[in-house]
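Guided by the hints, dock chains B, C, D, E and F onto chain A, whose structure is given.
6 protein chains.
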Amino acid sequence: MAFCQSFVNEIYRHIGADTDVPAGDIGVGAREIGFIYGQYKRLTGLVDGTMTGKSISYGGSLVRREATGYGLVYFTEQMLSSLNTSFQGKRVVISGAGNVAIYAAEKAAQLGAKVLTFSDSNGYILDPDGVDLETIKHIKEKHRARISEYVKHRKGAEYFDKGVVWQVPCDVALPCATQNELNEDDAKTLIKNNCLAVAEGSNMSTTLEALSLFQKNNVLYGPGKAANAGGVSVSALEMAQNSARLYWTFEEVDKKLQSVMQNIYRQVSETAARYATKNDLVAGANIGGFVKVCESMLLQGII
Amino acid sequence: MAFCQSFVNEIYRHIGADTDVPAGDIGVGAREIGFIYGQYKRLTGLVDGTMTGKSISYGGSLVRREATGYGLVYFTEQMLSSLNTSFQGKRVVISGAGNVAIYAAEKAAQLGAKVLTFSDSNGYILDPDGVDLETIKHIKEKHRARISEYVKHRKGAEYFDKGVVWQVPCDVALPCATQNELNEDDAKTLIKNNCLAVAEGSNMSTTLEALSLFQKNNVLYGPGKAANAGGVSVSALEMAQNSARLYWTFEEVDKKLQSVMQNIYRQVSETAARYATKNDLVAGANIGGFVKVCESMLLQGII
Amino acid sequence: MAFCQSFVNEIYRHIGADTDVPAGDIGVGAREIGFIYGQYKRLTGLVDGTMTGKSISYGGSLVRREATGYGLVYFTEQMLSSLNTSFQGKRVVISGAGNVAIYAAEKAAQLGAKVLTFSDSNGYILDPDGVDLETIKHIKEKHRARISEYVKHRKGAEYFDKGVVWQVPCDVALPCATQNELNEDDAKTLIKNNCLAVAEGSNMSTTLEALSLFQKNNVLYGPGKAANAGGVSVSALEMAQNSARLYWTFEEVDKKLQSVMQNIYRQVSETAARYATKNDLVAGANIGGFVKVCESMLLQGII
Amino acid sequence: MAFCQSFVNEIYRHIGADTDVPAGDIGVGAREIGFIYGQYKRLTGLVDGTMTGKSISYGGSLVRREATGYGLVYFTEQMLSSLNTSFQGKRVVISGAGNVAIYAAEKAAQLGAKVLTFSDSNGYILDPDGVDLETIKHIKEKHRARISEYVKHRKGAEYFDKGVVWQVPCDVALPCATQNELNEDDAKTLIKNNCLAVAEGSNMSTTLEALSLFQKNNVLYGPGKAANAGGVSVSALEMAQNSARLYWTFEEVDKKLQSVMQNIYRQVSETAARYATKNDLVAGANIGGFVKVCESMLLQGII
Amino acid sequence: MAFCQSFVNEIYRHIGADTDVPAGDIGVGAREIGFIYGQYKRLTGLVDGTMTGKSISYGGSLVRREATGYGLVYFTEQMLSSLNTSFQGKRVVISGAGNVAIYAAEKAAQLGAKVLTFSDSNGYILDPDGVDLETIKHIKEKHRARISEYVKHRKGAEYFDKGVVWQVPCDVALPCATQNELNEDDAKTLIKNNCLAVAEGSNMSTTLEALSLFQKNNVLYGPGKAANAGGVSVSALEMAQNSARLYWTFEEVDKKLQSVMQNIYRQVSETAARYATKNDLVAGANIGGFVKVCESMLLQGII
Amino acid sequence: MAFCQSFVNEIYRHIGADTDVPAGDIGVGAREIGFIYGQYKRLTGLVDGTMTGKSISYGGSLVRREATGYGLVYFTEQMLSSLNTSFQGKRVVISGAGNVAIYAAEKAAQLGAKVLTFSDSNGYILDPDGVDLETIKHIKEKHRARISEYVKHRKGAEYFDKGVVWQVPCDVALPCATQNELNEDDAKTLIKNNCLAVAEGSNMSTTLEALSLFQKNNVLYGPGKAANAGGVSVSALEMAQNSARLYWTFEEVDKKLQSVMQNIYRQVSETAARYATKNDLVAGANIGGFVKVCESMLLQGII
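Residue numbers (numbering that gives the first Met the number 0), protein chains in the order written: chain A, 0 to 302; chain B, 0 to 302; chain C, 0 to 302; chain D, 0 to 302; chain E, 0 to 302; chain F, 0 to 302.
What the hints contain is simulated information worked out from the structure, not anything from laboratory work.
From a predicted model like this one, the values you see are computed outputs, not experimental measurements.
Where hints are given, some of them may not hold.
One copy or any two copies: either way a pair holds, since identical chains are not told apart in the list.
Stated by the list, open to error - Derived pair list, reagent style DSBU-like, types lysine-lysine, alpha-carbon separation capped at 35 Å:
no.	residue 1	residue 2
1	Lys-291	Lys-136
2	Lys-141	Lys-291
3	Lys-255	Lys-151
4	Lys-141	Lys-277
5	Lys-224	Lys-154
6	Lys-277	Lys-136
With the rest of the complex left out, here is chain A (with noise of 0.2 Å):
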């Protein structure tokens, strides 16, 4: 706490609603956010939105655990909509078992897909029947144990101290528990099973030569700058409703995330279609993303 107020003594004017806005990242969370919006509050006076991740209690926003996974799977459902498809019946394959991995495997189950599995560092569950949330939280938010457990609760599943979840076939997959989770040979494992999409929950999971084999065998490919930005825009939605004074439901808020997510996926598939290949998001969310930037410094003139 001594730290986050000494940090805040001297940052407080450098920061602000409309200046620069930060948020919590490795290492500063709720605790951290609390303390330095506290501070900050002290010093200037002001009850804004000038931090985000704040608790519901003085001004966070509903959707920020669910946010990254909610918005991977807003982001996939619009890729496997370019192939005139969804998520309706689809198996899912995802590794981790954090809240990119639980909130992501929600949002598809409710959008009808089945999710095989889950994973940690020991080893990854299986369960044909499609996983069931309840237990998987149960285990993981309220006891904090190791995914193993998992098969004691639900018949039919199994644990597997070995081997990793791309082997499981399925038509989607999603990798969201660390970066170069998903490589090379896992990438032929997948194609060779027909999988359709794959989309990064983890920063980076994929390694180079994965994705330049996904890029061969036209597997649709999310990368996380783009797929996994659902963080970010909860985070612009809670300085939205701070703006308001208003406080948004969990369904407004998860609406918004949607078209959120839908909006990014236009700009990098647009991008993408304009000047890469169709369908090559990579690219799409890289020009994009230096389109965006450039065009606004040329626009606003010499610095």
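Quick look at chains B, C, D, E and F alone, frame taken from chain A:
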């Protein structure tokens, strides 16, 4: 005006739309708010939501006059709902004849209730067919006359210069006149008449003894701290409109006011159920307020 | 650019989202607004709604180009509505071929009218089947050519290098070219042809003599002060979007623009009815503006 | 007072000790400066040197009343010094009887001169023994009477209700009454009487024709722009005292005033020598001011 | 330190070198001023004179420790001067042994007086040859021991554990210990011993009865409000040094302190002479303060 | 100029007369300071001491060009004084021919020394009668020619295109050219020639080996950190003049510069005596700086 301007000369640097937002109170009405706002605008150059209770012509909100009365009925509606009933067909006894009383009556009537009484410091009227609000508004808002005039306009209505409205058998009692206007004897009468719910439109309308009797006899009791929060809620909605640079229609403000009052009821009743007795809304309001402040302070760090 | 930046160096401390918000005007288009906004952002660090007319890419609003034309038609729609009729099936004569003319025609056509004419400084075209807007946009927005080109694309259309559009019999006349473009003789022609309503898309399109004739002959007349307020209204909607940190869709902005224009019409016509003659919208607009400023000044205290 | 306060309500954000420092002028005396300073202090909370001409009791400087008169004599002293002479034993003719005249006389007398005349709009007095300043102050500062009273108190003094003081033979002429008070005929008289130097205590005391004669006949001429800068110089010294949070004694301010006037003379005469004719102080003052502004602008970059 | 920093978090926006300048007082010494100044500097980025009582190493003034004692003697010097005498050869009795007592003694000795006594809460010492200050400083500043130690170092000195210093015959009495330390009996003794002047180094050293006796018997009396203003005067001089960005030498500060105290004496005695009795410095100090505030308020306009 | 202005656009909010005061350095001379100051003034409206190194015409200080050279000699004067001698009659060898060298020579000559040498990158001149400064200024400041020109103007002077000035026997050596210009061999020569004192006008003029030899052989050594602080000291004096809104004469600035350098010497030598060896000015300067910062940090509380 000179006083208001001089006052602003001193406080203008301590207030602001994101810092502290003054509103009117006893002795500070629309006229004074106008002078205060004008001087604030002059000194800061800001056209923003730093004052509430502003006139519609320069940034105020609709539903201001109606706010407390409507809010009171919306809160009471939730209380009745917890008994699986509603205002539909209920007999409502109201004391007072000011804004709170008139607009509580208006909204109760819109929800299907029959309002039987109005009162002033001289006496009260009883209209067994349900009070005619046009007549009341004509008498009070236009002619600023005594409530006894009512019987000249409506057949079947009676005027009493002795006694209190609580003697009239009813399902819902809404004290909207002044503090301590409902005492132990009145409570006994209401209980005897099987009154279902009492909610405070005035601040601390009910003596401690009366309150105690209601609680012992399971008469639902809505404390003013929660039940008459409609006024300050519309101030918050005025701030929201100013922030958004939009004006909401009467219907929009009314609907949001209802939603705010429902939210307050939900928080109060859930807190009551958690920390005290279910339906003890007095405890719920007190504890709920304390918990909200306390939690935010802890989350935001030691001062 | 240097001029814009230097200008901002001096004014940046006098403007602000809640103080004064500059917008473009003659000689200050999207390019200059970009340079001004860029320098303002650089000096203050603020990313806010201090400028309107911004490009979409850094905070502008949709419906900017369409604003004045659409707004003009929405206002005229209300005028027709006061005669218990609508644009449906009406013959509309429009002068000019710029943004105002094109988008007035577009909206009028959407509301069921048949637009017969467009003009430029050389002459005018008449298309008895209703002007084809795609062709107009092709000529004016893409090729920036003369309006006479139109007859090369559309059979049945005629080009006149003499005379004015007001000679074409019509139900509604919308001068959208320049000031004083509709004189006494034109007014006599329109009256003779039983024109119902004239509304100014350009500023002061009509000479005082023409205006006088319209009033004597009960031709409804919408003064530019009110009728072409669509542009400044979309500036206000741009400010609202910036404040809310949200982007509205084309349909949302369009709908709010309609609502704003209806509101303006209502205030103008009510003021006319109260202080002057019903339907004297010139008096209504002038008196209404004065009353609004006057009332706010009185309410906000002596300066 | 209300006017002063309202004025400050608007300008307080544009002035400041390091920005712009207002001072009194015609119609804005010590009383108005007090009200302006009071309101400024109230609004900003600042106790600083933002206003000059303040009363001694809350931050003003000594030597304010004496400033212009003393300064005039200090400047003239330098002029005489360029002729290798001084005020010692000189006959000085002064017009006027206000602050400038009285304190020019006081300082000239201190430097050994004999002041022969004072005047008002009715006439002038001549005291061949040298004017007695105590008597003058008694008449003008205490009784606010006409100058003709002087001859009642002093034997040997004469009062003239016709003619002008310039007819009295003298070595130094100091016009301290009003503009254009010294014309071509007066100049001829002064030249004929071998007057050495003329310096303007009032603004533009001398007609262009008179000035031209002085220059042709080598009568030294001190233009008001430089010669009566004593008032504004003491404003600068008041600012310096405020900045240093110190009060200087009368002697200290007087000494610094002398030093400032010497400095001004030096700059003016050096500029004259460099760009025009040596001793052409009119050219020196005009060119010197221009060069100073010009040089600073070039050094500080294009606006 | 945490307390000081937290305190500054709240007040930093209300203080400033030109607004309000806090200084130490009971319980807020050099240590606390350091912490307060440090946090102020951190939060505002300003290195200025917003605090006084700072350490020399970061902006404090010399003569801080000596300020009250020296000032007391300078004031008393003026009192004696009004009797056409001076400290030269006077016998001075001082109570206390803190900073005020020690440095009053030092300055009195420099001016030629013989200081006879020092005291603490246990008793007092009497040194007929004049107290040796090196010994006193050695005991009090270095060893923080009791004053009774003195007699171990100096032959001829006596220690009394009963009675008070006022019993020692003297010309000047300077109470520098605590409030109400000089009562009616003490006054009678001093009067009997032909004491010329009493001046308060401590606040309200003298009881009302004693004061009354002094006034009746023409013993000059310097009230603490004026006589011990040396401390706050050096704060003002510290502010002046900070403003000028200069450090003055010990001699410069000492000389300016003398000048300030002479000024205070002059204002107090002139006010006494004008509004009360000459030499009634109590009345002079009270009335003088009131008049100064009153006059400034009137000059600066109604609030 | 565009670069300077753009730079100020970014930094103007981080600098200020009481916050951070930039000054020129390599590549940022009077011209750039002018542009920077101009833009700062434009953006903030402030006319204050936020920049040093300003031109005299808009707020700069006299003695700027002379500052480092004069300061070097004042520091060396103190060093000599610690040996109970002075510059009177000393032979001084100076390297370099820039501002530092020229004005060190000027001040040394004023104090009675004979300066024997000047140098540039081609060679050095030796004038056994003492260098003539008018000639040097003529060559370097007016014609910007090589130092070898000197011998054309002065009989008895010699030019050497080989070797270094340190070979010339001297009492005082002042390296004023560049870093590492005085090496081990040079030190040996100087020691052999009984040089009393060496002081750095350039930064780190002396190699570590040379320094070590000086210390072992009791040659007094003034490190640049202290000895050439004259430039930054005059910046501080410029700030003081700006704060006081006064201009000091050349003599005043020169005298204060001397006093500052004496103060620096005193602190350095006292620190040396306390923490290291007496006369080890290198240790004194390093430790003194550290102690000052350290002490202030401790006094001002933990960050």
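Now the hints, each set against the structure:
no.: 1; hint: Lys-291 / Lys-136; verdict: between (39 Å within a copy, 27 Å between copies)
no.: 2; hint: Lys-141 / Lys-291; verdict: between (43 Å within a copy, 24 Å between copies)
no.: 3; hint: Lys-255 / Lys-151; verdict: neither (38 Å within a copy, 48 Å between copies)
no.: 4; hint: Lys-141 / Lys-277; verdict: between (44 Å within a copy, 27 Å between copies)
no.: 5; hint: Lys-224 / Lys-154; verdict: neither (38 Å within a copy, 53 Å between copies)
no.: 6; hint: Lys-277 / Lys-136; verdict: between (38 Å within a copy, 29 Å between copies)
Against the hints set out earlier in the document, violations occur for numbers 3 and 5.
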